[in-house]
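Below are the chains, spelled out letter by letter.
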Amino acid sequence: MNKLIGKFINTNDRVLDLGCGDGSLLAFLKKNNQVKGLGLEIDHQKIQKCLQKDVSVIDQDIDSGLSNFQDQSFDAVIMSQSIQALRKPEVALEEIIRIGKEAIISIPNFANWRCRLQLIFGGTMPVSSALPHDWYSTPNIHLCSLKDFEKLCVDHGADILDRQLLSFDGEEQSFMKVAPNLLTEIALYRVKARN
Amino acid sequence: MSIDSLGRVETKSFIHRDSFSLKSGKTLQGFEMVYQTYGELNEAKDNAILICHALSGNHHVAGLSEDDKKGWWDDMVGPNKAFDTNKYFIVGCNNLGGCHGSTGPNSINPENNLAYGSSFPMVTIGDWVKSQDLLRTHLGLPYWYAVVGGSLGGMQALQWSIDYPDLVKKIVVIAAAAKLSAQNIAFNEIARQAILADPNYNSEDKLPKTGLGLARMLGHITYLSDDAMREKFGRDMKKGEVNFSYDVEFEVESYLRYQGESFSNRFDAHTYLLMTKVLDYFDPAESHKGDLAKTLKSVTAKTLLIAFSSDWRFSPERSRELANAFIEAEKDVSFLEIDSPHGHDAFLMPSETYDSAIETFLEKNE
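Residue numbers (the working numbering), protein chains in the order written: chain A, 1 to 195; chain B, 1001 to 1366.
Hints are computed from structural coordinates only; laboratory data are not their basis. You may find that some hints are simply not true.
[Claimed, not checked] Partner residues are not named here, just some residues of chain A that face chain B (Cβ under 7 angstroms, in silico):
hint, residue
1, I42
2, D54
3, D61
4, S64
5, L66
6, S67
7, Q70
8, Q72
9, I120
10, T124
11, S128
Every value quoted in this text rests on a predicted model; they were computed, and no experiment measured them. The beta carbon of each residue, even a glycine, is placed where N, CA and C say it ideally should be.
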C-alpha cells in the first residue's frame, strides 16, 4: 500500500497524513519521495513511534475539525482507511480537498461479496480482514461501498482523478475491474476539489 | 542519594566585561552570569543542551547544591533521566535580573555603587537569549544541540530558534505560549500590585515580604488545577471545625501562607516584578506585525511542543496556536498534549509519556 501511495506523491511534496498511526507511511514517503511530511494522530503510543521514526506529528483529533490548516497548504493529504471511522466523513472530505491540492483516500468496501454473503446467509454483521471488528466494538461507524463513496465525492465537490482496486493487503487485483463494487476489498482514490 | 542523582554540583560564573545593550535602550556595563553544567561535552561538541528556567527558577537545574538542595528539574535531568546526562552536556544559567547570583536588582550598580533595586533596567527574553549566546561562546560551544524550557523557559527556547536559527538544532517548548493572554497579564499585574503596595517596597532596611508572599500565593493557585487542589486539600480543616475567625482554618490557606512565606524568604521582590514584565512583554511576532507564521519563517530547528491537559495558566490551546503557526510556516514541528491532573506545574514532574517524548525527540536521527 505504501508503494502504491508513493506512486501518487511527487518528490519534495508537502504531505499531510490524517490518522498517521505509527508514522510508517510518512517515514516511507520521506525516504523514497523526500517529502516534507506531517501526521495527525491522537494515540500517544503511536505518536511516540512517529517521533522514533523522526516523523513530525501533531496530537489532534480529526473529528474536532481541521480548520487550523490553511487552504491548499499541502500538495497531498492522505487519509488511509479511516474516513469510515469519523463522525462526519462528509465534512472531513470537504476539509481534505480544501487543505490538499490533491487527496489520497482509501476505504474498506462494505459491499464486497464476502460482506454481502455474511449478511445475507450468516445474518450477522460482516467481519473480514479489512473490517476485523465486531459490530459493538468497531471504530467504523460510517462504513460505505465504492458507490457510496463516489456519490459522496460528487455531492461534496470532489473530482475523482484515479481509482485503484485492491485486496485487503493492498495488492492491486485487475480481476476486480469486472465488478468493482462487488469484488474490491479496499479502494484507493485520488481526488481533488472540483474547479 | 539515589544512584540516578548527579550528586553535588558546582556553580560557575561567567563575567562579560563589555557593555551589554538591552532592548529597552538601557545598557548594562558588563554582567555576571552564574551557571551549572552536567554531563560531558563530547569531542564533536554536538551534545550541548541549554535548559532555560521559568519565573522562579535558576541555574540550579539538577543535582545537589552546597546546602543540599535539589535542583528544580532534578526529577528529569540526570543520569538515565529524560535529559540524560550520560549522553548530553547540559547547561543551566540564572538569567539577568535574577536573584541567585547573576547580575540583577541585588547587584551593585557601578555608576553609583549602590544596589540597583527597583532601578535595575527592564530586560526581555530577547536580551536573555543574547546573553545566553555570550555564555555559549564562553563555553566554546559551536551551537546548542537543543534549547529547552517550560513556561517562561519555553519562551526562551522559542526565541532562540527565531533569533539564532543557525545556532540551535532542536527546541522543546513546554507549557508555554507565543504571547500572554489578557487573563495571564492580569494575574501578573495583581502579583505586581501586591508587591508595589507593600509599605516595605523600596524601603531601605526592610523587604516587601508580605507583598511578595501574596504574589506567590496568587501565582501558586494558577499553577495548580482545580482538581489537583481538591485532591490535595479538599475542604480539610486544620482543627477539624470552623472557629469563626480570619486565622488559618482550611488546609489550603495554611499551605498557601506557607508557600508565600517561604518564597518571600528566598526570592527577591524586584526580580519577581521584573520576571512578570518579561512574561508580559514577550511577543516575538511583534517584529512581523503580529504574524507569528512569518516570524517563524527563519526557524530551522526541529521543534517539539508539549502542553498539559489541565494547565489553565498556559493552556494547551496556546501551544496549539504555536503549533499552527509552525505548520503555516512549513516548519518541522510536533505537538503533544499530555493528560495530567497537575495543572501548569505538570511541566516540572516526570511521567512516562512526557519523559519518553523528550528522550525520543532528542535522539539523533541523522
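Against the structure, the hints come out as follows:
Hint on I42 of chain A is violated. Least Cβ distance to chain B is approximately 9 angstroms, over the 7 angstroms limit. This hint holds: D54 of chain A has a C-beta 4 angstroms from the nearest C-beta of chain B, less than the 7 angstroms allowed. Of the supplied interface hints, the one on D61 of chain A is violated, with its beta-carbon coming no nearer than about 10 angstroms to a beta-carbon of chain B, more than 7 angstroms. Taking 7 angstroms as the C-beta cut-off, the interface hint given for S64 of chain A is violated, the closest approach to chain B being about 11 angstroms.
Because the closest C-beta pair between L66 of chain A and chain B is about 11 angstroms apart, greater than 7 angstroms, the hint is violated. The closest approach between the C-beta of S67 of chain A and any C-beta of chain B is roughly 10 angstroms, which is over the 7 angstroms cut-off, so the hint fails. Checking Q70 of chain A against chain B: minimum C-beta separation of about 6 angstroms stays under 7 angstroms; hint holds. Using the Cβ-Cβ criterion of 7 angstroms, the hint placing Q72 of chain A at the interface with chain B is not satisfied: the shortest such distance is roughly 12 angstroms.
Contact between I120 of chain A and chain B, as hinted, is not supported at the beta carbon level, the nearest pair being about 44 angstroms apart and thus beyond 7 angstroms. With 7 angstroms as the threshold, the beta carbon of T124 of chain A stays out of range of chain B, its nearest partner Cβ sitting at about 37 angstroms, so the hint is violated. Nearest Cβ of chain B to the Cβ of S128 of chain A: about 34 angstroms, over the 7 angstroms cut. The hint is violated.
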